[in-house]
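Student: Just so you know, the protein sequences line up as chains G, X, W and P, in that order. If you count by the numbering used here, then the first sequence holds residues 10 to 371, one letter each, in order. If you count by the numbering used here, then the second sequence holds residues 10 to 371, one letter each, in order. If you count by the numbering used here, then the third sequence holds residues 10 to 371, one letter each, in order. If you count by the numbering used here, then the fourth sequence holds residues 10 to 371, one letter each, in order.
Check before you lean on any hint, since a few could be wrong.
Same chains, same names: a pair is fine if it fits in one copy or spans any two.
[As the list claims (entries may be wrong)] DSBU-like, lysine-lysine: derived pairs with alpha carbons at most 35 Å apart:
#1 LYS210 x LYS152
#2 LYS56 x LYS184
#3 LYS210 x LYS284
#4 LYS108 x LYS184
#5 LYS284 x LYS184
#6 LYS152 x LYS320
#7 LYS108 x LYS284
#8 LYS284 x LYS320
#9 LYS108 x LYS152
#10 LYS334 x LYS152
#11 LYS334 x LYS284
#12 LYS58 x LYS184
#13 LYS58 x LYS210
#14 LYS108 x LYS334
#15 LYS152 x LYS58
Note that these hints are calculated values from the structure, not bench results. As the structure is a computational prediction, the values presented were derived from the model and not from experiment.
Okay, here's what each chain looks like letter by letter:
There are 4 protein chains.
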Amino acid sequence: MSGNAFGHLFRFTTFGESHGPAIGCVVDGVPSLIPLTEADIQVWLDKRKPGQNRFTTQRQEADEVRILSGVFQGLTTGTPIGLLIENTDQRSKDYGEIKDSFRPGHADWVYQQKYGIRDYRGGGRSSARETALRVAAGAVARKVLHALAPQLSIRGAMVQMGPHRIDRAAWDWSKTEANPFWCPDATAAAAWEGYLDGIRKAGSSIGGVVEVVASGVPVGLGAPVYDKLDADLAKAMMSINAVKGVEIGAGFEAAILTGEDNADEMRMGNDGQVKFLSNRAGGILGGISTGQDVVVRLAVKPTSSILTPKKSIDIHGNEVDVSTKGRHDPCVAIRAVPVAEAMMAITLADHLLRFRAQSGGF
Amino acid sequence: MSGNAFGHLFRFTTFGESHGPAIGCVVDGVPSLIPLTEADIQVWLDKRKPGQNRFTTQRQEADEVRILSGVFQGLTTGTPIGLLIENTDQRSKDYGEIKDSFRPGHADWVYQQKYGIRDYRGGGRSSARETALRVAAGAVARKVLHALAPQLSIRGAMVQMGPHRIDRAAWDWSKTEANPFWCPDATAAAAWEGYLDGIRKAGSSIGGVVEVVASGVPVGLGAPVYDKLDADLAKAMMSINAVKGVEIGAGFEAAILTGEDNADEMRMGNDGQVKFLSNRAGGILGGISTGQDVVVRLAVKPTSSILTPKKSIDIHGNEVDVSTKGRHDPCVAIRAVPVAEAMMAITLADHLLRFRAQSGGF
Amino acid sequence: MSGNAFGHLFRFTTFGESHGPAIGCVVDGVPSLIPLTEADIQVWLDKRKPGQNRFTTQRQEADEVRILSGVFQGLTTGTPIGLLIENTDQRSKDYGEIKDSFRPGHADWVYQQKYGIRDYRGGGRSSARETALRVAAGAVARKVLHALAPQLSIRGAMVQMGPHRIDRAAWDWSKTEANPFWCPDATAAAAWEGYLDGIRKAGSSIGGVVEVVASGVPVGLGAPVYDKLDADLAKAMMSINAVKGVEIGAGFEAAILTGEDNADEMRMGNDGQVKFLSNRAGGILGGISTGQDVVVRLAVKPTSSILTPKKSIDIHGNEVDVSTKGRHDPCVAIRAVPVAEAMMAITLADHLLRFRAQSGGF
Amino acid sequence: MSGNAFGHLFRFTTFGESHGPAIGCVVDGVPSLIPLTEADIQVWLDKRKPGQNRFTTQRQEADEVRILSGVFQGLTTGTPIGLLIENTDQRSKDYGEIKDSFRPGHADWVYQQKYGIRDYRGGGRSSARETALRVAAGAVARKVLHALAPQLSIRGAMVQMGPHRIDRAAWDWSKTEANPFWCPDATAAAAWEGYLDGIRKAGSSIGGVVEVVASGVPVGLGAPVYDKLDADLAKAMMSINAVKGVEIGAGFEAAILTGEDNADEMRMGNDGQVKFLSNRAGGILGGISTGQDVVVRLAVKPTSSILTPKKSIDIHGNEVDVSTKGRHDPCVAIRAVPVAEAMMAITLADHLLRFRAQSGGF
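Isolated chain G (complex conformation):
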């Protein structure tokens, strides 16, 4: 009820602040007999890890995950999986100056208002550090998906940096690992590099748009009214730090379409399977997966940690100007890509387990 857990049958609960001794989570609901090792999780954490190039915060976290329970002899046992990541790079001194001042655009002020106290070091609980646990839980979700729906794959990309969009005709998934932006358009990626260098050197920041695509999703995932698959995905994505908008399929473009242009027509394929002729629905109709690619886009705002001083107040009610001199991300949308992938994996794993329980026929 305090909102530190996500999912119903595949459910994980996280804890930990940016500058405490450790962060961790409990992943519950994983069926037994699924192979799982620390390396299965570490590979995704490494993808997310900041400080790997000049375009993400230079905070250096080892982010080594330990499995504390729920796995025996390399297999899940059906019991809860405890995961722990020690915090190693906690330069608290960087944050001393925001102890009493509220950074505009951050959660500092509302935490203080809501709770009457806040761990100001590195943003505490509101820090993006928490997303490491989403990635870890997402790695476990991928193993569940692999066991139950081996054909399913989840891939994320950055499709817009500030005003600069990719050319969708140039989309090539193999490029996403070849540039620091998870950008599927090599030409755009090259242009973004110079653009973001300018932002970075100015101590400024910029927003972006991330797209996550799940292919091979079984037909029938999603509960039809309030737990629609798209509703749960919207919540999953909007819960990621800095996200301000979520679209499924055509998204906001659907608002300008007519019924004729928007409907995805159906035919029978040569393989005897139903074939959709387009995918404006983004793989979800009536809240239920259609078997087409599930396509989600999220708008990520620029981080408010910038060098330019901005008007704010302090804890005593004085008007102050605040600028952030610590390490920060010129474009946090980059780091949102593996996190959004993880949230997709978690949401699908949850609905896949729900599907096993409830849809049926005998």
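Chain G is fixed; fit chains X, W and P onto it per the hints.
Tutor: Below, chains X, W and P without anything else, positioned relative to chain G:
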């Protein structure tokens, strides 16, 4: 777990199909001693009711709500409130022809795949008829909000019809009740009338964008990680039929902003209260309400019930062409306005009760 | 969160007061394609219905259930099942005198304290009338169990009335339908008849013990720590009005046993199946069903609605004497039998659906 | 849904096996600004710790708890509290011989059946080791209770060892800390010592009955139908390892009482407060606390880890005889006392937070 309930402390569970004997819901978690009558609910149902002008489906439902429990001598008792609405206008004959054919863009086919059975009459459970219950529960939520946060108000508007946007400078809330579109820009509303007549006469349909604004929201609502206020609003809105995108505050525009342009600066007001100089955050930071207007926008796709035949298949796997001759909405976004208002009320009521339980200090 | 729902995957939510227009519930999570008619539910309601002999309250309720949704052409559709029972026999005049006085041993006073208001007519929400909905939901649960585990059966019996216990050696299930007490021991039943007539004529009441046995329960139901099958059964049974104690298997007798006497030894049966040599565990080990009979006993207190005046207070803080002259049950344990059976069915159905989702191996 | 969490608003989720690297839990929903240190938790863990006298298992665990999050400068911050206890004394060799054999009366066999795998070392997840986390979470719950209801106290006692009951007239709370059994009757405690020595030396075990009393509970806790305070307590207590029965107040004795004898009469006290003349209800009416002592008793079975060989089977289906030579408890009821106290604290804290949210009036 089957997704027919929403909310945690303020929680409602709905049941009923478009063409069954009745639809209804249980609203649970309402504190005691709040004044509540059937008229308090009916007024909002009447706002939503279709068939009131030529721009919504001509289905004629009385939509008379009965309170079956939870209210005694005009006051809530703290026990669950049962609400019932009889279905009166069930012209099942209109739907006979889609008994075996799947309308492209509808949930018909996925329901059949997921459940192996579907109530095809009027869309069954996937019908927008279910949204009457959201409006009814929303009316109860408004009473809870009124008791706990009397200054809070929730208003919705349609801000875009197809490609035609309102002029935001012309926004006038008093206009939303003066045209059939809940449009706050009188000039736009006039233009939309002719535009939508064309769509309607052609048996076509068009999408739209709805905006809901909650003013007077107390600071501190929202749980910081997975149950962020914006995450719960995203789920609430995306669960509404035909919604394909959700934005908070600047939304997708935030992706093109720099950190300098995006941050909402703070000053101290003359009244000793913190004052934000802008509201790109849409009233929510770090998942917690700031006290500014909470602003949500949703993209609504055009209904797929159109006269033009579209390619589809039938239940036997034959390729067929499907068109919808029954009553339908040329722009379902219109009817989404009171539903989105209701979901806003419900989400805020839920978080207000959560706030009472958990935030604090002694 | 207000406690008007039970179960997780098989989940039902009830509403309604003793003297409102109707009571009802939503049964959610029922898989599709399960045959279900109103008659399937009515048969169990008729078993529970009061007023069928002189040993239960003479309130006459038709208790006719209507299925409002979730069933199409005789089969469940996977959507929520709305059930409604009109209240027909609401002699409110009987209850006028307790409007301002609190009956000792009833919930009157605590409701007034907790909510500041109460529907005093017939006990309102705290009335045993609510248990009709448990029986209705239990009937649906039985259909789910029948579809998923056809060999499973659930039977209840009354094994003690006041100080008078049955002779367990005389246990004969066929007798439970042959006397007004669901008593499996015909000799005891005959003796109880005279005993209870005395209680009834004196305007007094007496407690009793109910036992419910589920046979054919699949191995493996129950989640190992907090949602142990026995923990969920304990909650289910203790939630029934007037229940003050719950035992599994040997129950409180286990406290006086040694480890040697308590352990249920195992051998291999001729059929290649594991065979337990005793069942002191009551069919549950470590919170998980063993395949043996699941055996639960519940202690039911005597109703406090008695003729003898008892010391109490009124709403103004005056000391008064209260006696109940309205219709009442001399031994409410009798009516608890079908309710306890229903709660067993519901709990098992819930865990059976959970088992489908989460236990496994690939 | 996998049952590793308990509570709704005060909610904790545990993980960890007896012989993994560590066990831990996340305590969520704790309001902010409550003082909390590791010492506040350690004191209760030390009470529970085995190996402190010859009557509990000689396993030696340091059971040192670390707070990993949710506390800043000695105060709770409203964010989840992560707790970790390293496993230090894991003599896996003691358990090698039960790797392939199922101990009768243990969860070994059902885990293997349910999950197809089990961590056999020390009982894995089904080990009583998990109860250390309940005690830790219970310590946090006590701090919440202390902040919200300072007058509330929770005390547990053992009231029966095997067939030997205490003399209730000799009840003296101060004695519970003066003997190894938490026995409130000094004479009984002395007798039990010799009795249990006999059991222990014989390598046998014996059951017992534990009673937990909460005094100073505010009126009005408990949700009236399915989440009755007694129902939630029944679940809480029955979820403790080895518990086979739960009673509230008069419990099973209520079955033999008449309505006249069972009703707790009410008068006005000199202080203007309502006074009950007896407490057969155990402080709960209609599922709601009355302000009297909340009294719960639980029956604890003898551990099945005994020296005497008992008939069983092994993983290959062979019939074998199993005896347990490792460290074990002659009377596990002793160690259940602090665990039951903790579950009482947790259940009350949860309902106290729920009360803040939902009961009310304006």
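Student: What label fits LYS58 with LYS210 when the C-alpha limit is 35 Å: within, between, both, or neither?
Tutor: For LYS58 and LYS210, the Cα distance is within 35 Å only inside one copy (21 Å; across copies 56 Å).
Student: Have a look at LYS334 and LYS152 and pick one of within, between, both or neither, based on CA distance no larger than 35 Å.
Tutor: This pair counts as neither: shortest intra-copy Cα distance 40 Å, inter-copy 39 Å.
Student: When no copy is named, should LYS108 and LYS184 be tagged within, between, both, or neither for a Cα gap of at most 35 Å?
Tutor: So LYS108 and LYS184 fail the 35 Å test inside a copy (42 Å) and across (46 Å) alike.
Student: At most 35 Å between alpha carbons: which applies to LYS152 and LYS58, within, between, both or neither?
Tutor: within (20 Å within a copy, 37 Å between copies)
Student: 35 Å Cα cut-off: does LYS284 pair with LYS184 within a copy, between copies, both or neither?
Tutor: within (28 Å within a copy, 45 Å between copies)
Student: Should LYS108 paired with LYS152 be assigned to within, between, both, or neither, using CA atoms and 35 Å as the limit?
Tutor: between (41 Å within a copy, 27 Å between copies)
Student: Cα distance capped at 35 Å. Does LYS58 pair with LYS184 within a copy, between copies, both, or neither?
Tutor: within (19 Å within a copy, 51 Å between copies)
Student: Could you place LYS210 and LYS284 in one of the four classes (within, between, both, neither) given a Cα distance threshold of 35 Å?
Tutor: Classified as between; 31 Å across copies, 49 Å inside a copy.
Student: How would you label the pair LYS56, LYS184 (within, between, both, or neither) given a Cα cut-off of 35 Å?
Tutor: Answer is within: at 15 Å inside a copy they meet the 35 Å cutoff, but 51 Å across does not.
Student: Indicate which option fits the pair LYS152, LYS320 if close means a Cα-Cα distance not exceeding 35 Å: within, between, both or neither.
Tutor: neither (47 Å within a copy, 38 Å between copies)
Student: For LYS284 vs LYS320, is the C-alpha pair at or below 35 Å within one copy, between two copies, both, or neither?
Tutor: Only across copies: LYS284 and LYS320 sit 11 Å apart there, 55 Å inside one copy, limit 35 Å.
Student: Within, between, both or neither: how does the pair LYS108, LYS284 come out at a Cα-Cα threshold of 35 Å?
Tutor: between (57 Å within a copy, 20 Å between copies)
Figure legend: structure checked against the earlier numbered hints; hints not met, in rising order: 1, 4, 6 and 10.
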